[in-house]
Amino acid sequence: MSIIINIISIVFILAGLVFFFGSVVGVVRFPDFYTRMHAAGKGDTLSSLLVVMGFAVYHLGQIHWTDFAWADLLVVIKLLAICAFIMLTSPTATHALMDAGYEDGIEPLLRKKGNALQDEEIGDRR
Amino acid sequence: MGYRVFIFVLLLITWVLLSGQFDAFHLILGLISCALVTWMSSDLLFRTREDPVMQRVQEGWKLVWYFLWMLWQIFLANIAILKLALSPSALQQVNPSIVHFKTKLKSDFAKFLLANSITLTPGTVTIKIRGDDFYVHAINEEAAAGLDGEMERRIARIYRAERAASSSESSGEEDSQ
Chain A
287 MSIIINIISI VFILAGLVFF FGSVVGVVRF PDFYTRMHAA GKGDTLSSLL VVMGFAVYHL
347 GQIHWTDFAW ADLLVVIKLL AICAFIMLTS PTATHALMDA GYEDGIEPLL RKKGNALQDE
407 EIGDRR
Chain B
1354 MGYRVFIFVL LLITWVLLSG QFDAFHLILG LISCALVTWM SSDLLFRTRE DPVMQRVQEG
1414 WKLVWYFLWM LWQIFLANIA ILKLALSPSA LQQVNPSIVH FKTKLKSDFA KFLLANSITL
1474 TPGTVTIKIR GDDFYVHAIN EEAAAGLDGE MERRIARIYR AERAASSSES SGEEDSQ
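In order, the protein sequences belong to chains A and B. Residue numbering for the first sequence follows our numbering, starting at 287 and increasing by one per position. Residue numbering for the second sequence follows our numbering, starting at 1354 and increasing by one per position.
Take the hints with a grain of salt, since some may be wrong.
Straight-line Cα separation of at most 20 Å, SDA-like style, residue types lysine to any residue; simulated pairs [unchecked claim]:
no.	chain 1	residue 1	chain 2	residue 2
1	B	Lys1457	B	Glu1503
2	B	Lys1481	A	Ala379
3	B	Lys1436	A	Ala301
4	B	Lys1455	B	Lys1436
5	B	Lys1415	B	Gly1502
6	B	Lys1436	A	Ala370
7	B	Lys1464	A	Phe307
8	B	Lys1464	B	Asp1485
9	B	Lys1436	A	Ala379
10	B	Lys1464	A	Ala370
11	B	Lys1459	B	Phe1399
12	B	Lys1481	A	Leu395
It is worth saying that the hints were derived from the structure and are not from the lab.
Generate coordinates for the entire structure from the input sequences, incorporating the hints supplied.
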């Protein structure tokens, strides 16, 4: 029984590492600041979620159900709560960085006539 | 005052359940920190207090389902990033643009949910929100085409106020046609 739970948690953590690898390669290979943030922001969220969920599953396997203690189950609940918080904070941080980058005047690499934000600003000035 | 007491009790229940230790030291620590949080920021938890409790419970329940759907979307987004990052012709496939659209959502929290959801779905990241205007960075045309408003409808379905606003607007459109 505990072997099955261990294998499930290993699969979770390995999947998290694979997605981390993907986002790292993305950060190195993508052409500009904004596309790099795509890789960093999204890769971070899922991979840390998967790793923390792997920990939660592993700890679920460590609980002795015969002499059950509330404190053991609490660890699992707290890990799941961390998952929920990551899901809320990580995209917010990505958004804040993108906005700060734009305010700081980093030119996005765009195909022609692709910048709705700039069109708007030119319109405002007129 | 009654509202503050309610928040204090809510916080204290959460503390006791999450700490799992029932000796005097930990309980007194909990009392002190719950009192501090209630004193400083009790008005942040529920900004509008007129909504009935059942409606709030329903919204919370729908929010849980929405988060599960989001989890699936995050998974798809990461597969897309992984593919793009590891494909030999990544630079040809990257064709970014900044897309603008207007949202019908009214409340701040619904807009926040929409912005976060856009960031987590494949190929799009929110750059700016100005009132009702959203500016979204899309990594290629495919991702830009995906912003058709399905997510907005899903969020609007969670909140009663948003539902009323969007249904009255759509009926108005039908009248004009």
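Checklist entry - What hint numbers does the structure not satisfy? => result 4, 6, 7 and 9
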